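Here the structure of chain A is known, so what remains is to put chain B with the ligands in place on it, guided by the hints.
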Amino acid sequence: MPGKRSLQDLSKVLEHELVPKHEVLSVEEGLEILRRYGIKPEQLPWLRASDPVARAIGAKPGDIVRIYRRSPTAGEIVVYRYVVPG
Amino acid sequence: MSEEKIVSGIKFGILSPDEIRKMSVVQVTSPETYEEDGTPRAHSVMDYRLGAIEPGQVCPVCGNTIKGCPGHFGHIELAVPIINVLFVKHIHELLKATCPKCGRLKISPQAFERYRKYLAKLKDRYPYLARLFTEYIKRQAMKATVCPYCGAKQPKIKLEKPTTFIEQYPDSKDTIRLNAREVRKRLEAIPNEDLELLGYDPRDARPEWMVFTAFPVPPTSIRPSILIETGIRSEDDLTHKLVDIVRTNERLREHIASGAPEIIIDDLWELLQYHVTTYLDNEVPGIPPAKHRSGRPLKTLAQRLRGKEGRFRGNLSGKRVDYSARTVISPDPYLSINEVGVPIDVAKILTVPERVNEWNIDELRRYVINGPFKWPGANYVVTPDGRRIDLRYVRDRKSVAESLAPGYIVERHLKDGDIVLFNRQPSLHRMSMMGHVVKVLPGRTFRLHLSVCPPYNADFDGDEMNLHVPQTEDARAEARTLLKVQNHILTPRYGGVIIGAIQDYISGAYVLTIKSTLLEKEEVIELLAAAGVVKEPPEPAILSPRKLWTGKQIVSMFLPEDFNFHGKANISSGPLRCDDINCFWDSYVVVRQGKLLLGVLDKKTIGAEQQDSVLYWLAKEYGVEVAAAFMDKLFRLFIRVLERKGFTLRLDDVAVSEDVQTQILNLLSEAFEKVRNLVEQYSRGTLEVVPGRSLEESLEIRILEVLAEARDKAGEVAVSSLNPFNYAFIMARTGARGNVLNLTQMAATLGQMTVRGERIWRGYMGRPLPHFKRDDLGAIARGFVVNSFFRGLSVTEMFMHAAGGREGLVDTAVRTSQSGYMQRRLVNALMDLYIAYDNTVRDSSGSIIQFAYGEDMADPSKAPHGKIVNVERIVERVLGEI
Ligand SMILES: [Mg+2]
Ligand SMILES: [Zn+2]
Ligand SMILES: [Zn+2]
Ligand SMILES: [Zn+2]
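From first to last, the protein sequence lines stand for chains A and B.
Just so you know, we're using the numbering used here here: the first sequence kicks off at 8 and counts up by one.
Just so you know, we're using the numbering used here here: the second sequence kicks off at 13 and counts up by one.
Bound-form chain A, shown alone:
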C-alpha cells in the first residue's frame, strides 16, 4: 500500500468540491436497496475498501455506500456502491 495517510489527511478528501457526498448505509437500508433492485450485493457497482473516500468515511467490506452526485442535467442523482476488500 502506498504510504498510509493519516485520518486527518483522508477527511480532507471529503472537503474537495469534486468529491460528492458519500454515506455508509445501515444494514436495513442496504437490504431495502437490494430488494428495490432485486439483486445480490455483488451486483451493485463496487467500491474498493482502499478507496480514499471509503477509508475517510470508514466503510468496511460488505457495506453499501450511498453517493449523492450533482449533475448539470439531472440536478441530483443518487447512486450506490458495494464496498469490497482490497
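By construction, these hints were calculated from the structure, which means they are not laboratory data.
In this text, all values refer to a predicted model and were calculated from it rather than measured experimentally.
Mixed in with the good hints there might be a few duds.
To be verified - Listing some non-contacts, in silico: residues in chain A with all C-beta distances to chain B over 10 Å: (1) E30; (2) L32; (3) G37; (4) V60.
Said to hold, decoys possible - Just a few of them, taken from the derived set where beta-carbon distance is under 8 Å, the chain B residues facing chain A: (5) G858; (6) S859; (7) A870.
Just so you know, even glycine gets a beta-carbon here, dropped at the ideal spot from N, CA and C.
Only chain B with the ligands this time, still in chain A's reference frame:
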C-alpha cells in the same frame, strides 16, 4: 428424435492421458495412410474407425452413415513426453512457483493456511477478486529463493522461445536444459492443495496434463480430404501434420528400443516436439512455421480459430447469410429517400415467403405461373406438409398454380413496396443499416437517394452495398416501423438532422430562392410537375405586364401552413452578413405562417448536419413523414431548377485577369523578400526568438506566418475579383461544395506545402530536391507553390504538392485502422447492456451498470446538441415571431 436436455453449465479443463485413451477408438501407429488399392489403412490417421466420411459408408464404431456419425477420436501413444505449447506460459509459472526438489508451492506454512482461508472466502463472493488474489500468491511464491519446506536453494528457470526450459542455480554458471520428461515429473510432484491456492482445479486440470504422453487424433470429419479433378487425393493440413507426428513418433520408438545413441534420440525428440507444436499452432514465435510442399504455411488448429477469417470472428460472430445481395450503388434523385432501387436480376433471386389466403391467391397464382425466370414470379412453393417444390424444375407450373390453396407458402420474387434492410460497411452506427422500400428497376446497380449518402458515408466511385430481405412478418413489421430511413433523419447521437440537402440540392435551393429568380407560369408548372405536385399555384407576386412568381413562393407551397422560422442563412458572412430581419442581402431567413418571406435557402436552413434548421424543426414539429415528403418533392424540384439553368463549374469560374495575376505575384514576391530578410537576420543572429523556441524553430514559425498571410491576401485579391454569381463562388458561399481556400488554390496560389506541420526539407543533404542550392532556406526551395491549379504547377511544385498530399493519405489509413480496433473493443464490451424497466442500465447477468440511464435519463436524440429545451423556439412557435 433425440431426448431434449438442458445445459446447466459448461466447464473447461485439460484432457488427461487417461481420458484421451478412454475416448480413443483406435491407436494410431502407421504413418502410411492408404493401402495400395486406395482404401484407408487400419491404425493410420485415416482409419475407418475415426468415422464415416463417404456417403453410403457405415461407421464400424457407431453404425451410422455419414449423416449420423459424429466422428470418433483416436490416439497416439507418444514414445516420449511432449510439451503442449498452448500451455507453456502456465508451465513456466508453475515451475518457477514450486520447489524442484519437493514440489511444494514456495509459500511458508503459516502464510499458506492464511491464504487458503482467505481465498475460500473470496471464491464464493468475489470470484473476480479471487483471481487477482491467486495472481498475487503466484508472484509471492516465485520470489522465494529458498524452499520453505525442504530448504533447497531455488534455481532460476528461463523459457527459451517456444518450448525449452533452462534452469540455472544462482551459485553456478552452468545452465541445465530441462527435457519434457523432467518438466512433467516436476509438475506431477505439485500437491493438489498447493494447486488450489494458485486457482487451479486439480480434478479438471492437473498440471502434468499440460505435457502430452498420449496424443488425441481428431476424427476424419474435421479434416476432410478433397478429390481434385485428376482423381488425386489432397489431404487436409491437419492430416499432413498428424502423419508427421506419427512418423516421427514411430521412428523415435524404434530408436529407443534399439538403444540408439542419445544424440539421435534427442534430435528426434526435438523434431517430434516441433511437429506437435506446429500442429497446435503454426504461428508460435521462435520457430519457423511448417510449410506445405508449395511453400504455403500450413493452417493448423490455432489458425482455424484465430483472426478475422477464424472460427470466432469469421463463422460465429459474423456469418454469410441467405436472402442477401450485394452490388455497386449509383444515385437516383427520382427515388424517395425511403426507397432503394433493386435490379430486376436481383429481384428474381431474392424471395419473400407469402402464405396463401383467399385474398392473395389469384395474385400468387400469377407469380407461380410466371415462374422463376420471369419477374414478378416465384421460385418455390411450400406445401402445408412442408414439401418444397422448386419451380425451376416444374414443367407444368400451371397445375402447381392450380393446386395452391390457403395454407401453402409461395416464395415470390421481391417486388415494389417490399421492405428490405440496406447496409454499407463499415457499419459504425445504427444508420449504417436502414430499412428501405423496394423499387424494382432495370440495370445492374442498387439505386439510392442522394440525401442518404451521409449516414452511410457512401459515394458512387465504385462503392458496393448489401441488401437483406426480412423473412418473417415480425421482422418486416419492425423494419417498417423502426428502421425506415425517415426514422433516422434525426441522429440518436445528438438529435440533429443528418439526412438533408447536400451539394446540388443546396445550389438549386439557392438559385431558386434568390430575389432575382422570377418564374413564368409555364416554368412554375414545370417545376411543380418535377416535384410531382398537383396543386393550384398561389397568386403571382407580379401581376403585370406578365404574371411572375418568385422562387420563395414555390418553396412556400411545400411548407406547412402554420410553420414559423427565422435564422441566418449560410451566405450570411463577410459583406453579406445579416443578424436580424432588417436584411438587405437576403441572408436572413424568415418563414411566417408557412410563407418564406425573406432570405435564401442554403446549407444552414435545409442542409444535413445543421443545428436548428428549417428541416430540423419540420422533422421535430410535424413528424418525420412530413420532413421526408418535403425532401422527396422539393429536392427533386431543386435539381430541376439547376437543369433549367445549366448550373456547372467551368474553367472561367476560377480564371483571374492579367491585372489581378500581377497583383498576386507582387504580393508573393513581397512575402518572399520578407522571407529573405528573415533568413538573413537568422544567419546574422539578429532574429528575434519566439519564447520557448530555438532559433531555427523561430525562423520557421516566422516564415510560415509570413507565407500563410501572403497566401490569404492573394486569395482575397483573387476571390474579390471573381464575379459573385459565378458557379464556383455560389457553391462555396451557399455551402454546397468547396470553400474559400479551395477557390484560392484554384485561382491564386496553392501556398506552402507542409509535412508534419513543417516546411518540406527532407530528401537530399540540406535541400529537398537537387534542383535547389544547398541550405537554401527560401520559400520556393522549401515547398512554397506559387502557381494556382488554374495556371498549373511546375515540376518541383508538383513534387512538393504530392509530398503534402501523401501525408494526408497515410493519416487516414492509420486513423481508420485504429478507430476500427477501438470500435470492436467497445462493441464487444457494451453489446449486451440494456435499459431495464426500472430505468437502470444492466448487463447480461442483471448487475447494475448505471442507476438511471446516463445518470440523467435524458435521451440524446431528443435533447439536440445537449440542450434539453429550446425556450426561444417555443416562444416563436406560439407568437409567430420573437
Ligand atoms: Mg467510395
Ligand atoms: Zn461413427
Ligand atoms: Zn522443497
Ligand atoms: Zn473517386
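Comparing the hints with the structure gives:
Once the 10 Å rule is applied to beta carbons, E30(A) is consistent with being away from chain B; the minimum gap is 16 Å. A cut-off of 10 Å between C-beta atoms confirms that L32(A) is not in contact with chain B; the least separation is 14 Å. Distance to chain B confirms G37(A) as a non-interface residue, since its nearest Cβ pair spans about 14 Å, more than 10 Å. The claim that V60(A) is not at the interface with chain B holds, since no C-beta of that chain comes within 10 Å of its own (minimum 18 Å).
With 8 Å as the threshold, the beta carbon of G858(B) comes within range of chain A, its nearest partner Cβ sitting at about 6 Å, so the hint holds. Nearest Cβ of chain A to the Cβ of S859(B): about 4 Å, under the 8 Å cut. The hint holds. The criterion of a C-beta within 8 Å of any C-beta in chain A is met by A870(B), whose closest approach is roughly 6 Å, and the hint holds.
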